[in-house]
Amino acid sequence: MRLVSLLLIAVVAVALLGPLAIEWRYDSIDWSAVHAPPLTGTHLFGTDAVGRDLLARTLVGTRVTLGVAAAAAMVALVVGVAWGATAGWCGGKIDEAMMRVVDALYALPFMFVVILLMVVFGRSILLVFLGIGMVEWLTMARVVRGQMLSLRQRPFVIAAEAAGAGPVRIVLTHMLPNIAGVAIAYLLLTLPQVVMIESFLSFLGLGVQEPMTSLGILLKDGADDMDIAPHALLLPGVILMVILLCLTRAGELLRDRYTA
Amino acid sequence: MLHLIRSRLFAAIPTLAAVILLSFVLMRIAPGGPFDGERPLDPQTRAALTSAYGLDRPLVEQIGRYLWRLLHGDFGPSLVYRDFTVSDLIARGLPVSLTLGALALLLALLLGLAAGLSAAARAGRPVDHALMMVATLLTALPTFVVGPLLALVFGLWAGWLPISGLGDGDAAHLILPVIALALPSAGAIAKLARAGLADVLGQDHVLMARARGLPSYRILIVHALRPALVPVASYLGPAAAGLLTGAVVVETVFALPGLGRYFVQGALNRDYPLVLGVVLIYASLIILFNLLADLAYGWLDPRARD
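If you're matching them up, the sequences are chains R and B in order. Just so we're aligned: the first sequence equals residues 749 to 1008 in our numbering. Just so we're aligned: the second sequence equals residues 4 to 309 in our numbering.
Just so you know, these hints were derived from the structure itself, not from any lab. Since we're looking at a predicted model, the values are computed, not measured. Yeah, the Cβ is synthetic: ideal placement off N, Cα and C, and Gly gets one too. A portion of the hints provided could be inaccurate.
[To be verified] If we take Cβ atoms under 7 Å as the criterion, some of the chain R residues that face chain B in the derived model are:
{"id": "1", "residue": "L954"}
{"id": "2", "residue": "E958"}
{"id": "3", "residue": "L967"}
{"id": "4", "residue": "T996"}
The task is simple: from the sequences and hints, build the whole structure.
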């Protein structure tokens, strides 16, 4: 757990602070060094096909990927917790109807519906993370609802009800704090999913748009040029792997702690 | 069993209807009409085109016609690939994608089950830890990292295998794409199989079998394997969805003329009819696969058969 969190903090810190330490911007073009190999002048990792510094692009790309992931995961968290808590608290017919909606949405091929949305409304980062958030709140809603159902029967909730507390107060101050652990664990498990969806969309050219960059775009560029510049593929690939592995592991550890 | 199939098929109807309705509505509210070209059309031509395509009819009638055409396998013309209908493109791409997907699923099951079961049989030993670490690594590695890496190492550096297109259709062209597509699912299946078997091996009927002095391979195959596969079966539905999205990437990376390529091209060029048609095909495939997964589930676990 310690190793995983240290690695994660390191990646986030480098992505946030790194771009400040390099003299090149992610979109500034160095015409004297197109397709430069690593360690050319001040280009530590070389440049891409139009002479943009690869290290700067990778750092900014990591930042964008993490940012989109965090924003989309927050959408998923808020919508999922609100939906699940309402269903779990109300119970009965309302619960059944709300969970039916979740079941129906689960069955949709969501990746493709998100792409469909992009095609129709044009491609923008906002839509990317709204779309991803829409997909990912479902699991959160299910988990939170299950927790709410079991908490409802617990003595402290019944006591609060007997003491005359209103439903909003009970849910917000008595029940949600007890769900926080599980919710955070599933939030962490949502993050790698979101990172993957964002990179997938960007890789296909349907997510983040040039000259802005993200790990998915860098992987695509790297894959296009891998015959002459394999390092352009390896660097973003390794970073993405580290992010995904750490987030998955951290989420699994937390989940096991809170659901055991 | 028949009852299960029937109820599942009925349950699939609202999902498909939702996808169709959603696609239809999205198409209508999309900015830009089908006749907005670079030069504005004169009003008469526009009116003639609008009535020729039935766009001046009431919305309900339009939905009805759309459904009627869908029922006849007519997805409309492609806006980007002129001279082709969407049905033509699907007919070309689907066989490639299905071959790719089926082979990948097979490989994923073989690799995943072999790894998962041998890990569970040696639970707690170094082999178990090593296999599970590899499995975790594989599930965390998306296709768009694995695909280019495989192409780089085995295609460009080693030069063993072709990495682009289908060639004359010889099998070598499919090896790397199938592996790239199969690895993430193989990792997930390995984890599930290991968890399932480890769970079953701790149960009473296995202890009983062991107490009767049965050899361990017999316990494993006759008594433990079937219940251990239940979690794997329930993963088949999500696996199908994963393979379909993965296939989109793999077809792009390895330049295979499959459904995913047309889908991405259609999406990049805002070719609505093509994207809609492919989404509908994908949705149907996923529903079909969930049905198969349910059947496998019922076969493996008689308690789930009602």
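Tested hints:
no., hint, result
1, L954, "holds (6 Å)"
2, E958, "violated (13 Å)"
3, L967, "holds (6 Å)"
4, T996, "holds (5 Å)"
This entry does not satisfy hint 2, going by the numbered hints stated previously; all others are met.
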